[in-house]
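As given, the protein sequences belong to chains H and D, one line each in that order. Under this note's numbering, the residue at position 37 of the first sequence is numbered 58, and the numbers go up by one with no gaps. Under this note's numbering, the residue at position 3 of the second sequence is numbered 24, and the numbers go up by one with no gaps.
Read the hints as simulated data drawn from the structure, not as lab findings. Check each hint, because a few of them may be wrong.
Copies of the same chain are indistinguishable here, so a pair counts whether it falls within one copy or spans any two.
Within a straight-line C-alpha distance of at most 35 Å, the following computed DSBU-like cross-link-like pairs (lysine-lysine) qualify [unchecked claim]:
(1) K125 - K87
(2) K51 - K125
(3) K91 - K125
(4) K91 - K150
(5) K51 - K87
(6) K52 - K159
Protein chains: 2
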Amino acid sequence: MNIAFNPIGIINSPFVNSCRSPRQAQIEGKKGSIILNEEYCGGLVGLQDFSHIIVIYYFHRQAEIKLEVKPCFDPHQEHGIFATRFPARPNHIGISVLSLTSIKSNILYCADVDVLDGTPLLDIKPYVKYFDQIDNPKCGWYDNIDWATITRRAS
Amino acid sequence: MNIAFNPIGIINSPFVNSCRSPRQAQIEGKKGSIILNEEYCGGLVGLQDFSHIIVIYYFHRQAEIKLEVKPCFDPHQEHGIFATRFPARPNHIGISVLSLTSIKSNILYCADVDVLDGTPLLDIKPYVKYFDQIDNPKCGWYDNIDWATITRRAS
Numbered sequence: 022m023n024i025a026f027n028p029i030g031i032i033n034s035p036f037v038n039s040c041r042s043p044r045q046a047q048i049e050g051k052k053g054s055i056i057l058n059e060e061y062c063g064g065l066v067g068l069q070d071f072s073h074i075i076v077i078y079y080f081h082r083q084a085e086i087k088l089e090v091k092p093c094f095d096p097h098q099e100h101g102i103f104a105t106r107f108p109a110r111p112n113h114i115g116i117s118v119l120s121l122t123s124i125k126s127n128i129l130y131c132a133d134v135d136v137l138d139g140t141p142l143l144d145i146k147p148y149v150k151y152f153d154q155i156d157n158p159k160c161g162w163y164d165n166i167d168w169a170t171i172t173r174r175a176s
Numbered sequence: 022m023n024i025a026f027n028p029i030g031i032i033n034s035p036f037v038n039s040c041r042s043p044r045q046a047q048i049e050g051k052k053g054s055i056i057l058n059e060e061y062c063g064g065l066v067g068l069q070d071f072s073h074i075i076v077i078y079y080f081h082r083q084a085e086i087k088l089e090v091k092p093c094f095d096p097h098q099e100h101g102i103f104a105t106r107f108p109a110r111p112n113h114i115g116i117s118v119l120s121l122t123s124i125k126s127n128i129l130y131c132a133d134v135d136v137l138d139g140t141p142l143l144d145i146k147p148y149v150k151y152f153d154q155i156d157n158p159k160c161g162w163y164d165n166i167d168w169a170t171i172t173r174r175a176s
């Protein structure tokens, strides 16, 4: 079974190479924009009332598939690809939660953008706390990361 | 640009028709399982240490694309498709946060499953509070829903 999708737009960001971009969104607060194909503008009605969106996109610069990887946040230890957000997954699909700043026609201005410039956009969903907010989740190896140090290093 | 993916497994759930399933995960707590294709088992290393996963899947029973829809939680009002989680999106991609109960070989036992039985799985990502948890998000029209009533009706 082969499932085919077409990009519905493009995500623009300050990141031009993948070594800089894999730190996830909220850590850096970088600004970017989504250029939605104009034919889909009708689908944006009401989205301006949300503070955050989930973007689903294609890791277009990723060729490899690996089942175990050493992710950026823990480069000395291998983890199963499904226990990471690393791009080298069987299907090269990425998701990120972005802050939605404003919408002007077919352009969505965002902050906390962590994707590569020119990333093909597959979908936009509203961030809905009633579905996406989990109380006290256990987050595996990410719970052992020293986030304060990473944030300092990135800023 | 046409982007092709292949399912990496199947999600099993108690839901056989889409009228019952669109209530999102945590509301019903239903149990289900993910049967991952065996070739990808190596990618699960470390995932057992997470309490929640994000599954990305294909809305395989969805034929239509609509830019404005009347979603299940607000059936009398039209909303732009990107301001909803409704399946009739330009690309029929769904995401859900599921509770991960246990993993046995290539089978992931889950709770809070809200997808249709037999749904093709595209990706599994760990739920990472450092990326996926947003403090006090504004959730547009979802903030006006009477969730207590919906939960009572569903149970």
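Results of checking the hints against the structure:
no.	hint	verdict
1	K125 - K87	between (39 Å within a copy, 21 Å between copies)
2	K51 - K125	within (19 Å within a copy, 40 Å between copies)
3	K91 - K125	between (39 Å within a copy, 24 Å between copies)
4	K91 - K150	both (31 Å within a copy, 20 Å between copies)
5	K51 - K87	both (28 Å within a copy, 32 Å between copies)
6	K52 - K159	both (29 Å within a copy, 19 Å between copies)
Violated hints are absent here; each numbered hint is respected by the structure.
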